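Novice: Now for the letters of each chain:
Number of protein chains: 2
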Amino acid sequence: MKASRFFVSTLKEAPADAEVASHRLMTRAGMIKKLGTGIYTYMPMGLRVIRKVEAIVREEMDRAGAVELTMPVVQPAELWQETGRFEKMGPELLRIQDRHERDFVIQPTSEEVVTDIARQEFRSYKQLPKNFYQIQTKFRDERRPRFGLMRGREFIMKDAYSFDRNLEGAKASYQNMAQAYRRIFDRFGLTYRAVAADSGAIGGDLSEEFQVIAATGEDAIVYCADSDYAANMEKAEALAPTAARPAPAKALEKTPTPGKSTCADVAELLGMPLSSTVKSLVLATDKLDAKGEIVGSQVWLLLLRGDHDMNEIKVSKLPGLDQGFRFATTAEIDDHFGCKPGYLGPLNLKKPVKLVADREVAVMADWTTGANEVDFHMTGVNWSRDLPEPELVADIRNVVAGDLSPDGKGTLAIERGIEVGHVFVLGTKYSKDMNATFLDEGGKPQFLEMGCYGIGITRLPAAAIEQNHDERGIIWPEAIAPFVVVVCPIGMDRSADVKTAAEALYDQLKAAGVDVLLDDRGERPGAMFADWELIGVPHRIVISDRGLKEGQLEYQHRRDTEATKVPAGAAAEFILSRLGQ
Amino acid sequence: MKASRFFVSTLKEAPADAEVASHRLMTRAGMIKKLGTGIYTYMPMGLRVIRKVEAIVREEMDRAGAVELTMPVVQPAELWQETGRFEKMGPELLRIQDRHERDFVIQPTSEEVVTDIARQEFRSYKQLPKNFYQIQTKFRDERRPRFGLMRGREFIMKDAYSFDRNLEGAKASYQNMAQAYRRIFDRFGLTYRAVAADSGAIGGDLSEEFQVIAATGEDAIVYCADSDYAANMEKAEALAPTAARPAPAKALEKTPTPGKSTCADVAELLGMPLSSTVKSLVLATDKLDAKGEIVGSQVWLLLLRGDHDMNEIKVSKLPGLDQGFRFATTAEIDDHFGCKPGYLGPLNLKKPVKLVADREVAVMADWTTGANEVDFHMTGVNWSRDLPEPELVADIRNVVAGDLSPDGKGTLAIERGIEVGHVFVLGTKYSKDMNATFLDEGGKPQFLEMGCYGIGITRLPAAAIEQNHDERGIIWPEAIAPFVVVVCPIGMDRSADVKTAAEALYDQLKAAGVDVLLDDRGERPGAMFADWELIGVPHRIVISDRGLKEGQLEYQHRRDTEATKVPAGAAAEFILSRLGQ
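These protein sequence lines map, in sequence, to chains H and D. For the first sequence, the tail end lands on 581 under full-length UniProt numbering, and the numbers increase by one without skipping. For the second sequence, the tail end lands on 581 under full-length UniProt numbering, and the numbers increase by one without skipping.
Think of the hints as simulated: they come from the structure by calculation, not from any bench. A couple of the hints might just be wrong.
Copies of the same chain look alike in the list, so a pair counts if it works inside one copy or between any two.
[What the hints assert, rightly or not] Straight-line C-alpha distance at most 20 Å; calculated EDC-like pairs for lysine to aspartate or glutamate:
| # | residue 1 | residue 2 |
| --- | --- | --- |
| 1 | LYS34 | ASP98 |
| 2 | LYS565 | ASP545 |
| 3 | LYS34 | GLU68 |
| 4 | LYS354 | ASP286 |
| 5 | LYS2 | GLU68 |
| 6 | LYS510 | ASP62 |
| 7 | LYS34 | ASP103 |
| 8 | LYS409 | GLU237 |
| 9 | LYS250 | GLU13 |
| 10 | LYS340 | ASP265 |
| 11 | LYS2 | ASP62 |
| 12 | LYS126 | GLU523 |
| 13 | LYS2 | GLU121 |
| 14 | LYS130 | GLU523 |
No experiment lies behind these values; they were computed from the predicted model shown.
Based on the sequences and whatever the hints tell you, model everything.
Specialist: As structure tokens, this is what we get:
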């Protein structure tokens with residue numbers, strides 16, 4: 001491509017609303033242009049990146065045996081009503097009416113439509129397994145779209161859906177996709193982790209997120225440096241401590257802690273480690289009658305070590321809390337504890353509560369907790385002696401760095417990631433809602449076992465940039481760079497030698513199948529170099545009159561601190577030798 | 001591709017609402033699946049065709065120097081309000097509100113957004129000319145979606161927009177695109193015509209439609225078999241007759257024509273050719289004051305030969321009618337003619353009207369027309385003698401077969417076409433509405449001169465089928481066939497020889513870069529052949545045990561009436577020699 005035939009448009013200033021590097025750099029590099037909140041035009045320079053992402057995804061999906069189709073952007077509400085999502089989904093589902101006032105949605109995803117196709121198409125087990133995918137425009141009316149393509153409203157997603165005869169088959173399809181995803185993310189040339197994620201009602205290891213590692217990532221990722229273990233924060237298990245509970249060494253005491261309503265403040269005041277304090281979280285569950293009216297409530301007390309945080313997903317799976325819970329009201333707290341929050345604890349309750357102790361709390365001795373009296377805490381608290389052993393001990397906290405890895409092979413570390421892919425076994429959730437069946441070998445109808453697999457096509461470039469940039473601009477991995485090589489002639493309009501050499505090199509590289517751009521715009525060297533460093537083309541060759549007189553061109557990789565002189569005659573071979581390294 | 005890894009799904013029956021061949025065949029061949037009225041999933045077999053259409057279009061757009069970008073599907077209403085189209089467009093513009101009740105539209109086309117980009121990006125004449133294109137999902141909420149992909153609501157369109165410094169430049173950009181379109185449609189392998197179309201306010205030869213010729217086409221196309229002349233019906237000029245008007249030979253007479261209110265009935269009753277009758281069309285124009293209130297009206301009488309039809313586009317360009325017109329009301333007709341429609345004519349008017357005679361009518365002698373009295377016509381009417389020469393003589397009719405070609409090189413013929421492309425000079429319509437300017441060489445702001453260029457990507461396959469099918473199914477041109485060659489082994493599961501030969505041939509063809517499918521589904525021959533004839537793969541090779549024993553395979557092109565025996569060892573070369581013919 002010659003720059004004069006392409007469209008290069010860079011900006012000195014980033015937009016005021018650009019909070020992260022990828023948003024700033026993609027805008028400045030002329031890759032995206034904001035049309036509305038969370039809605040962007042993919043400008044020519046950005047679209048090249050997106051197309052390369054798409055091509056890699058498509059190749060690997062095809063290789064994995066998935067079959068491409070394209071489902072409509074505008075989808076009739078009827079199907080979404082069959083699964084209840086038309087009502088259940090919040091305003092992020094963009095609902096519209098056509099000229100006849102019939103309801104439609106703009107697809108945020110396509111489980112309903114693909115399940116509708118499946119129930120029409122799959123008559124026999126002989127047609128299974130099958131995996132359909134599409135690379136298509138999606139819309140989610142996010143409440144707070146931000147970070148450019150990272151959390152936009154309109155975006156491009158690759159979504160795939162597998163259909164199997166049974167859960168075993170679904171798991172095999174899932175593993176096949178998970179493998180394809182590894183190949184895809186390997187090819188992108190990004191540092192990423194496939195992390196175990198919560199798979200909801202299905203259970204088991206049937207959900208993984210693909211996270212591009214970046215300091216600005218919205219997600220916390222847990223991994224073990226000494227093993228393959230990796231999970232997202234929701235999923236990562238905190239093992240039960242191996243050490244036994246120490247014997248009580250202190251007496252139970254009511255200690256004044258005036259105005260100290262947090263564990264941290266209490267620990268500081270009393271000169272003890274935060275890890276010897278226990279915090280109280282009060283939840284409630286409601287009992288409903290057949291009409292959905294609340295007919296009774298239950299208050300729960302969760303005990304966590306002062307330096308630990310509650311993990312909502314883990315809590316939501318506890319027996320008794322797995323049908324939904326809420327934080328207790330002030331009235332409920334007062335009713336059961338006789339005290340306001342900040343000084344709550346498991347001793348001296350006014351009314352009984354259901355108690356859940358985190359695994360760590362269950363093995364503590366001589367701990368400190370609220371006294372259920374304002375400005376007082378209990379110290380030297382011990383299980384069995386001062387209160388009964390906990391009814392329920394469970395993992396209800398987020399892991400922290402240094403925790404033992406669940407696979408027993410070392411300790412856990414935590415880093416930040418950007419979710420760019422997700423693979424998931426859905427089971428029969430959608431096929432049951434939509435009565436999507438096939439006939440098994442005995443001729444009996446069975447619900448299709450499904451899986452779904454997403455990649456955020458337009459989020460990927462943003463994640464790549466968060467991971468790969470410096471103060472001058474983007475540093476693209478070769479596989480998804482808008483151009484792989486840029487040839488920068490200096491004074492092409494004045495020097496016939498420069499022009500000839502530049503065009504010859506450009507032709508040579510093109511003939512070798514290299515995605516090369518010749519910058520024939522006639523910009524001055526400073527502006528030209530700044531443009532390509534901002535845009536982030538990995539390989540640059542500078543051709544100047546002075547260099548040519550010495551028979552030299554200058555090569556520089558975007559990560560190099562300085563240029564390498566290359567004999568003019570061997571420039572093409574030199575570049576080819578650098579590609580793919 | 002192997003069929004077992006792909007998705008082949010054919011139907012015996014076409015859907016009840018499928019009125020045209022392409023709709024029936026695409027549905028039966030498993031290429032599209034209806035999701036809602038005018039909304040279709042592109043199933044794997046159909047998507048392959050669409051992707052091939054896209055690839056050809058993209059290649060030729062790039063070759064022509066256009067630059068690809070992608071504009072959002074969901075577009076803020078503000079831009080559409082700037083051009084007034086948000087209000088002016090009818091309900092085919094799908095309007096939506098987001099969660100904050102802000103107005104948006106689903107793009108039916110993207111002039112507003114691209115002009116918004118242009119006004120931000122183009123600062124200097126040095127950046128021009130430039131042409132941006134996209135291949136993107138569109139939505140038009142058609143009142144009567146029908147014919148499958150031919151007139152759907154959601155569809156894929158390639159839309160390109162050129163920006164130039166002046167009209168001369170815009171014309172050059174237009175010619176460049178028109179040429180690219182010819183290359184594109186040549187490559188599709190379809191019989192088509194580029195026909196001159198009306199270019200509205202711009203004038204000149206600055207609009208062409210690309211029409212795929214098909215008996216079921218919605219458009220009438222006019223062409224000259226002896227020259228390059230081709231135009232759509234709206235545009236095609238009817239030349240002024242070369243012969244002079246004959247001298248009057250008959251006396252003016254009021255002739256009873258009881259109950260005969262059409263020219264055809266009158267001609268039959270009086271035993272004269274239809275071409276000697278003249279029909280009266282009564283139009284009206286309104287005079288508006290500054291507030292848009294009607295302050296007066298003018299009635300027009302248009303005279304056309306009895307066998308000719310009025311051309312609305314031509315009429316809408318006449319001086320006095322070019323600001324809009326309507327058909328006259330019954331009251332206005334009665335007021336001016338003193339008679340009801342069916343017997344109207346230019347003689348014996350109650351009040352004067354503005355008279356326009358078609359060029360053919362102006363040279364007629366002894367003609368017959370309504371007497372402005374029920375059940376009577378005037379015969380032997382002659383200009384000058386019986387009524388004044390017409391104030392305005394103009395071309396206001398549709399041409400008919402046999403008319404002289406406007407280029408003077410023969411006579412006109414008429415055929416049916418399906419519009420699949422349109423190139424058009426827009427001028428400054430959008431740039432003025434949206435104040436999109438650039439600085440010219442003198443540093444003065446000038447409005448961008450624009451052109452727009454569309455191809456109906458998803459309509460094209462439907463048009464191709466209307467032109468190329470038989471009673472057994474589709475006959476794809478090679479360039480856009482879902483697969484170019486299908487290898488059909490008979491009894492692959494029983495015969496190791498057949499399996500080996502089929503896979504060897506498949507591998508050979510694949511290695512040669514042929515888009516080949518191996519039907520390894522194990523269907524019986526009859527069902528297998530019927531599937532591929534329905535789907536319309538151009539080249540088929542059948543491999544059977546019996547044939548192999550004789551060292552023969554059977555080749556058949558989809559258009560061949562019978563198979564050709566080919567030596568098994570030379571099958572690949574044979575097929576390769578048949579490709580692209």
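Novice: Now, for every hint given, state plainly whether the structure supports it.
Specialist: Evaluated hints:
Proximity of LYS34 to ASP98 under the C-alpha cut-off of 20 Å is restricted to the inter-copy arrangement: shortest distance 17 Å between copies versus 27 Å within a copy. In this assembly of identical chains, LYS565 and ASP545 lie within 20 Å of each other by CA distance solely inside one copy; the values are 14 Å within and 65 Å between copies. In this assembly of identical chains, the alpha carbons of LYS34 and GLU68 lie at most 20 Å apart only when taken from different copies (17 Å versus 30 Å within one copy). Taking identical chains as interchangeable, the C-alpha atoms of LYS354 and ASP286 lie at most 20 Å apart only when both belong to the same chain, with a minimum of 13 Å there against 83 Å between chains.
For the identical chains of this complex, LYS2 and GLU68 are inter-copy neighbours only, at 14 Å across copies versus 33 Å inside a copy, given an alpha-carbon limit of 20 Å. Taking CA atoms no more than 20 Å apart as the test, LYS510 paired with ASP62 passes between copies only; the shortest distance there is 15 Å, against 27 Å inside one copy. Proximity of LYS34 to ASP103 under the C-alpha cut-off of 20 Å is restricted to the inter-copy arrangement: shortest distance 17 Å between copies versus 29 Å within a copy. In this assembly of identical chains, LYS409 and GLU237 lie within 20 Å of each other by CA distance solely inside one copy; the values are 14 Å within and 85 Å between copies.
In this homomeric assembly, LYS250 and GLU13 never come within 20 Å of each other (Cα to Cα): the closest approach is 63 Å inside a single copy and 85 Å across copies. In this assembly of identical chains, LYS340 and ASP265 lie within 20 Å of each other by CA distance solely inside one copy; the values are 17 Å within and 98 Å between copies. Taking the shortest Cα distances, LYS2 and ASP62 sit within 20 Å of each other only across copies (12 Å), while inside one copy they are farther apart (32 Å). When the C-alpha separation of LYS126 and GLU523 is checked against a cutoff of 20 Å, the pair qualifies only between copies, where the shortest distance is 13 Å, while the shortest distance within a copy is 62 Å.
Within a single copy, LYS2 and GLU121 get their C-alpha atoms only as close as 48 Å, which misses the 20 Å cut-off; across copies the closest is 19 Å, which meets it. In this assembly of identical chains, LYS130 and GLU523 lie within 20 Å of each other by CA distance solely across copies; the values are 18 Å between and 53 Å within a copy.
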